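Novice: Top to bottom, those sequences are chains C and H. 124 is the number of the first residue of the first sequence in our numbering; add one for each residue after it. 31 is the number of the first residue of the second sequence in our numbering; add one for each residue after it.
Worth double-checking, as some hints may not be accurate.
[Stated by the list, open to error] SDA-like cross-link-like pairs, simulated, lysine to any residue; straight-line CA separation at most 25 Å: (1) H:72 <-> C:142; (2) H:130 <-> C:136; (3) H:130 <-> C:228; (4) H:130 <-> C:138; (5) H:32 <-> C:192; (6) C:180 <-> H:31; (7) H:130 <-> C:191; (8) H:72 <-> C:167; (9) C:192 <-> H:130; (10) C:141 <-> C:218; (11) H:72 <-> C:234; (12) H:140 <-> C:163; (13) C:188 <-> H:126; (14) C:194 <-> H:97; (15) H:72 <-> C:196; (16) H:130 <-> C:232; (17) C:188 <-> H:132; (18) H:97 <-> C:164; (19) H:130 <-> C:145; (20) H:130 <-> C:187; (21) H:72 <-> C:143; (22) H:72 <-> C:198; (23) C:180 <-> H:35; (24) H:130 <-> C:128; (25) H:72 <-> C:130; (26) C:180 <-> H:56; (27) C:194 <-> H:125; (28) H:130 <-> C:198; (29) C:180 <-> H:123; (30) H:130 <-> C:179; (31) H:130 <-> C:141; (32) H:72 <-> C:206.
What the hints contain is simulated information worked out from the structure, not anything from laboratory work. Everything numeric in this text was worked out from a predicted model, so none of it was measured.
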Amino acid sequence: EAQVTQNPRYLITVTGKKLTVTCSQNMNHEYMSWYRQDPGLGLRQIYYSMNVEVTDKGDVPEGYKVSRKEKRNFPLILESPSPNQTSLYFCASSLRVGTSGGSQYFGPGTRLTVL
Amino acid sequence: QKEVEQDPGPLSVPEGAIVSLNCTYSNSAFQYFMWYRQYSRKGPELLMYTYSSGNKEDGRFTAQVDKSSKYISLFIRDSQPSDSATYLCAMSEITGGGNKLTFGTGTQLKVEL
Numbered sequence: 124e125a126q127v128t129q130n131p132r133y134l135i136t137v138t139g140k141k142l143t144v145t146c147s148q149n150m151n152h153e154y155m156s157w158y159r160q161d162p163g164l165g166l167r168q169i170y171y172s173m174n175v176e177v178t179d180k181g182d183v184p185e186g187y188k189v190s191r192k193e194k195r196n197f198p199l200i201l202e203s204p205s206p207n208q209t210s211l212y213f214c215a216s217s218l219r220v221g222t223s224g225g226s227q228y229f230g231p232g233t234r235l236t237v238l
Numbered sequence: 031q032k033e034v035e036q037d038p039g040p041l042s043v044p045e046g047a048i049v050s051l052n053c054t055y056s057n058s059a060f061q062y063f064m065w066y067r068q069y070s071r072k073g074p075e076l077l078m079y080t081y082s083s084g085n086k087e088d089g090r091f092t093a094q095v096d097k098s099s100k101y102i103s104l105f106i107r108d109s110q111p112s113d114s115a116t117y118l119c120a121m122s123e124i125t126g127g128g129n130k131l132t133f134g135t136g137t138q139l140k141v142e143l
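Work out the full structure: start from the sequences and follow the hints.
Specialist: Below, the structure is given as structure tokens:
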């Protein structure tokens with residue numbers, strides 16, 4: 124089954140404790156992206172990757188890091204989480220840039236709470 | 031002013047009704063227009079995407095784009111309780127980073143028996 128998976132699905136942590144949210148897709152997609160979803164603000168892009176070893180900032184990259192060492196995986200790293208990073212996070216992928224207008228497949232989401 | 035405006039609802043309709051969901055936008059560089067459906071506690075799933083002005087139909091769903099007015103719509107015919115979800119419009123433009131998507135904040139729809 125074609126899918127984007129994320130782990131963990133739920134996470135409660137404390138300020139400053141480094142964490143990683145994993146994302147993996149089995150569709151051989153080149154393009155992967157991370158979003159956060161907040162009430163009243165919608166989905167906002169954090170980082171994206173156009174291919175292996177190619178990553179760039181989205182609209183709200185502060186406080187986040189990513190890496191793309193393999194095509195299928197695109198982990199999101201919070202080196203020192205803060206309460207304003209409490210949000211619902213989605214990983215997404217698409218076949219390649221420009222196909223289907225950039226429409227993307229989304230993972231199930233990770234609900235992160237930073238105390 | 032946001033680049034994409036979408037009424038958050040909630041919108042409540044009886045089963046079988048025709049539903050109209052709308053978004054307006056201000057960025058003339060948007061070229062592709064998409065609708066996503068998001069069930070509670072799930073990730074968004076793509077319903078339809080379209081490039082040009084006009085209508086595109088897929089089953090009970092019709093997407094309509096009017097580039098001159100910067101206005102897009104999604105119509106749902108014969109609405110079902112299973113259509114109850116949040117509907118997100120999204121638009122993309124070509125940038126140095128490929129297709130950059132900008133999302134509306136979503137309209138919450140409830141279809142009642």
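Novice: Is the hinted pair residue 141 of chain C and residue 218 of chain C satisfied, with a Cα-Cα distance of at most 25 Å?
Specialist: Roughly 31 Å between the alpha carbons, so the hint for residue 141 of chain C and residue 218 of chain C is violated.
Novice: Does residue 130 of chain H sit within 25 Å of residue 192 of chain C, going by the straight-line distance between their CA atoms?
Specialist: Holds, at about 22 Å.
Novice: With the threshold set at 25 Å, check whether the alpha-carbon distance from residue 194 of chain C to residue 125 of chain H stays at or below it.
Specialist: 22 Å, holds
Novice: CA of residue 130 of chain H to CA of residue 179 of chain C, is that 25 Å or under?
Specialist: 12 Å, holds
Novice: Given the proposed pairing of residue 140 of chain H with residue 163 of chain C, does the C-alpha separation stay at or below 25 Å?
Specialist: Satisfied, since the Cα-Cα distance of roughly 19 Å is no more than 25 Å.
Novice: Would the hint linking residue 72 of chain H and residue 206 of chain C be met if the CA-CA limit is 25 Å?
Specialist: Given pair residue 72 of chain H, residue 206 of chain C holds - Cα atoms ~23 Å apart, limit 25 Å.
Novice: Does residue 188 of chain C pair with residue 132 of chain H here, judged by a C-alpha cut-off of 25 Å?
Specialist: It holds: about 21 Å lies between the C-alpha atoms, which stays within 25 Å.
Novice: Between residue 180 of chain C and residue 31 of chain H, does the CA-CA distance stay at or below 25 Å?
Specialist: Holds. Residue 180 of chain C to residue 31 of chain H sits at ~23 Å (cutoff 25 Å).
Novice: Check the hint pairing residue 32 of chain H with residue 192 of chain C against an upper bound of 25 Å on the C-alpha distance.
Specialist: 35 Å, violated
Novice: Next pair to validate is residue 130 of chain H with residue 128 of chain C; report whether the Cα-Cα distance is within 25 Å.
Specialist: 22 Å, holds
Novice: Between residue 130 of chain H and residue 138 of chain C, is the straight-line Cα distance small enough, at 25 Å or below?
Specialist: 31 Å, violated
Novice: Hinted pair, alpha-carbon criterion (25 Å max): residue 188 of chain C, residue 126 of chain H. Please report holds or violated.
Specialist: 20 Å, holds
The structure does not agree with the numbered hints 2, 4, 5, 10, 14, 31 stated previously, though it agrees with the rest.
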